[in-house]
Amino acid sequence: MGKYAVFIWSSYGVSCAVLAGLVIATIAQLYRQRRLLRRLESGSIERP
Amino acid sequence: MTPLMNRYAHPTHFMRVSGIALPWLAAASVIALVVALYVALFVAPEDYLQGQTVRIMFLHVPAAWLALGGYVAIAIASVTGWIWKRPLADVAARAIAPTGACFTLIVLLTGSLWGKPMWGTWWVWDARLTSVAILLLLYLGYIALWNAIEEPSLAARAAGALALIGVVNVPVIHFSVSWWNTLHQPASVLRLDGPTIHPALLVPLLLMFAALSLLMVTITLARMRLEILRRRTRMLRLRSAQA
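Line by line, the protein sequences give chains S and U.
Straight run, no breaks: the first sequence in the working numbering ends on number 48.
Straight run, no breaks: the second sequence in the working numbering ends on number 243.
Chain S on its own, in the form it takes in the complex (with noise of 0.2 Å):
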C-alpha cells in the first residue's frame, strides 16, 4: 500500500467499525425486545 497504507487501511478499519456497530446493535436490540414480549406475554411485568 506504500506512503497510502494509513489513509486505505483507516478507510476499511472504520467502515468496518460503523458496520459492525450497527450489526451488534441490531442483535442486541432484537434480544431485549424479545425478552421484553416474552415477559409481558407471560405476564412477569408489572402493568404500567
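Do not take every clue at face value.
[Said to hold, decoys possible] Within a straight-line C-alpha distance of at most 20 Å, the following computed SDA-like cross-link-like pairs (lysine to any residue) qualify:
1) S/3 - U/85
2) U/85 - U/230
3) S/3 - S/13
4) S/3 - U/120
5) S/3 - U/49
6) S/3 - U/115
7) U/116 - U/143
8) S/3 - U/41
9) S/3 - U/118
10) S/3 - U/230
Just so you know, these hints were derived from the structure itself, not from any lab.
If you're wondering where the values come from, they're calculated on a predicted model, not measured in any experiment.
Based on these hints, arrange chain U on the given structure of chain S.
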C-alpha cells in the same frame, strides 16, 4: 396486486419467512464480504493515476450507491404505506434508515480519507460533498422523527413526509458533479454511455457492491423483525393498561 399483498405483506407471514431466510442471508453476507474484501485489498491492480488509493473507491462508491438507494427505498416504502395502508411498508421504511445512515457516514469518512492524499484536503464545501452531508442530516432527521412520535402510524406519516421532501436531494447528489464546478470526479460507472472504468477495477467494485447489498438486505430484514416485535410489545402494553 391487493390479494398478493394481503398474503405476503402480513407481519405474521413476514416473521415466518424472514426467520427462515435470515441465517442464510447472514452467512451469505459474511462469505461475500470476505471474498470482496480480499479481492479489493489484495487482488485488484492499482490505478495508473491514483495508485493504491483506488482501493478506497471499492468501499466509497458502493456505500454511496447504497446510501442513495436506501433513501429512495424509504420514499417508495412510505408512499406504498400511504396508498395501500400496509403497515409492513412503514416497518420496512423505518428499518432501512439506520443502515442508509451508516452507509452515508461511510461515504463521508472514506471520501475524506481519499480526498486528503488526492486533493490535499479532508473536506471542501462543494456541491457533491455538501449534498451528501445533507443526506446524512435527512437520515438522522428521519430516524429522530420515528423515535419522537409514539404512535407508529402517525410517526410513519410524519417521517414519510420528510423522506418525500428529502428525496429531491437524491438527483442533486447524482448530478451535482455535472451541474457545478467541484473537486469530485464525474460519474464513471452509472453513465448513459456505459462505464469508463477498466474491467480490472470494475469487477472488485461490483463484487463489493453485491456483498454490501446483501449485508444491507440482511440488516434491514433483522430490523424489520425488531420493529414488528416493538409494535407487538406496544400493543400488549396498551391492552394491559386498558384491562
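Hints, one by one, checked against the model:
no.: 1; hint: S/3 - U/85; in the structure: violated (55 Å)
no.: 2; hint: U/85 - U/230; in the structure: holds (19 Å)
no.: 3; hint: S/3 - S/13; in the structure: holds (17 Å)
no.: 4; hint: S/3 - U/120; in the structure: holds (14 Å)
no.: 5; hint: S/3 - U/49; in the structure: holds (15 Å)
no.: 6; hint: S/3 - U/115; in the structure: holds (15 Å)
no.: 7; hint: U/116 - U/143; in the structure: violated (31 Å)
no.: 8; hint: S/3 - U/41; in the structure: holds (15 Å)
no.: 9; hint: S/3 - U/118; in the structure: holds (12 Å)
no.: 10; hint: S/3 - U/230; in the structure: violated (49 Å)
Of the numbered hints given earlier, the model fails hints 1, 7 and 10; all others are met.
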